[in-house]
Each structure stands twice: as C-alpha cells, then as structure tokens.
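Asks: The sequence shown begins at 0 in numbering that gives the first Met the number 0 and counts up one residue at a time.
Check before you lean on any hint, since a few could be wrong.
Capping the alpha-carbon separation at 30 Å, the derived lysine-lysine pairs in DSS-like fashion look like this [as the list claims (entries may be wrong)]:
1. K77 - K134
2. K27 - K142
3. K77 - K142
4. K77 - K49
5. K134 - K49
6. K210 - K49
7. K143 - K27
8. K143 - K19
9. K27 - K210
10. K27 - K77
Bear in mind the hints are in silico, worked out from the structure with no lab data behind them.
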Amino acid sequence: MERIPQHVSIIMDGNGRWAKARGLERVKGHIEGVESVRACLEAAVEDGLKYLSVYAFSEENWNRPQEEVMTLMELMMKSMLNEFRSFMQNNIRFMVLGNRARLSEELNAAIDHMMEETAGNTRTTFIVFLSYSGKWDILQAMKKAQAQLSPEAFQALELPDFDQYLVTAGIPDPDLLIRTSGELRISNYLLWQTAYTEFYFTDILWPDFRKPQFREALAEYARRDRRYGKVK
C-alpha cells in the first residue's frame, strides 16, 4: 500500500449484538472484542502506522447498568496488565485520554504506570479514549484556555492555537475513522479533531473485525482523494 494513514481511530461497536446473536451474555462480546483490538494493533504496527486510537468508553456509557460498567473497567485493567510485555517488546507507547476523574483510584494508578513505563516507546502510539466525549473535550479545553490566558489573549485565540488545550494536544488528527456494526454516526467522539477525517463504516460487528477487515479499511482510505476543501 502506497498511502498509509498516520493516525487511524476506531469506534468499536457491536459487542453486545455479537453476544446476543450467539445467546451469550454481553460481557462475552466485550471479551471477544479485546481480541479484535489486539489484532488491529498488530496490523497497525506491522503496516507502519504511527497512531492507533480506539473509543473504548464514552461519558454516556456511565449510564449503562452498573454491573456492565464495572465489568468493562475490570476488563480494561486486566487487558492493560496482559499487554504490558507486548507493548515493551514491540516499542508501543500506551496512552489513555478522557475524563479520568471519574475512574477509580486503582484503575488510574494502573493507567499511570503503563503510560510512564511506555512513554519512551516510539514505534506506534496506542491511544484508548476512556470516559471521553467530544463535547466534554471542547468544554474542558475552553475552560483551560480561559484559565491560562489573559482576557486579551483569550479573545485573540485562533483556531490552530486551540488544539493545544484539547486532550489530544500533540497528537495528529485522525486521517481515518472506522466505525463497525453498521451505525452511521460518530457518537460524540473527537468532534473537533475529525473535521477533515475520512470516515469508513462497515456492517461487521466489532468482535469479527480483525486484520483482513482492518487492512481493507486502509485500502479504501488509500483510494480516496483528500482535498481539505481545496480544488485539485
């Protein structure tokens, strides 16, 4: 492939439907979905992507049944611990972005440890958006900018300068956004950052989305003509 995106982001959707179709509990779909994350990260590393990010848990997801929320958080912690050695061996940097104030002390401590230990890795950065929403991100960025700048500087703030106040500061905007399960929306995800992102929607449920499907999305991206509002 001649055109590899720098940053691919994925809205992982369909775990519950995958489990329901097989007569399983919803958590089984989330567990199988972890294998899809692993497969796509392996493909990203193999194909030379610099950034892969996934939408793991939105702020709206806190409204789900408490048992499911707790299960997802436990699965998140277990997955991090299981992948630590692989991240180090494959030179993968790990990041978690979102409203971490809502996470438990135990989970935050595990996240901090993983981020600190992998901070020097340079091959691929793997970002998990956890307890995140695009509207929250823009609001917290505005508050941060207002707190750090004088009133005059705040009023003079230009669009390119605003990026540094988002949680994604220093991270390039996604070139490609993939959403699985047939849903045709972005669900309050990276609203600012996806202004010129290419979208790729597929009916495949997330637990069935593996390397071949990931690479088909990359191939579709390579066929597109990105103009950024300009005429070529």
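Asks: Against each hint, give a clear statement of whether it holds in the structure.
Replies: Okay, the hints, checked on the actual structure:
1. With a CA separation close to 29 Å, the supplied pair K77 and K134 stays within the 30 Å bound.
2. In summary, the hint linking K27 to K142 is not supported, as the alpha carbons are separated by about 39 Å, beyond the 30 Å threshold.
3. The straight-line distance between the Cα atoms of K77 and K142 is roughly 34 Å, outside the 30 Å bound, and the hint therefore fails.
4. At most 30 Å may separate the alpha-carbon atoms for a hinted pair to count; K77 and K49 meet this at roughly 25 Å.
5. Simply put, K134 and K49 have alpha-carbon atoms about 26 Å apart, close enough for the 30 Å limit, and the pair holds.
6. Proximity of K210 to K49 is assessed by CA-CA distance (about 17 Å); at most 30 Å being required, the pair is judged to hold.
7. Restraint check: the Cα-Cα separation between K143 and K27 comes to about 39 Å, which exceeds 30 Å; the hinted pair is violated.
8. For the hint linking K143 to K19, the alpha-carbon distance of about 42 Å lies beyond 30 Å, and the restraint is violated.
9. Using a Cα cut-off of 30 Å, the hinted pair K27 and K210 holds, with the two alpha carbons roughly 20 Å apart.
10. This hinted pair checks out: K27 and K77 have alpha carbons roughly 15 Å apart, not beyond 30 Å.
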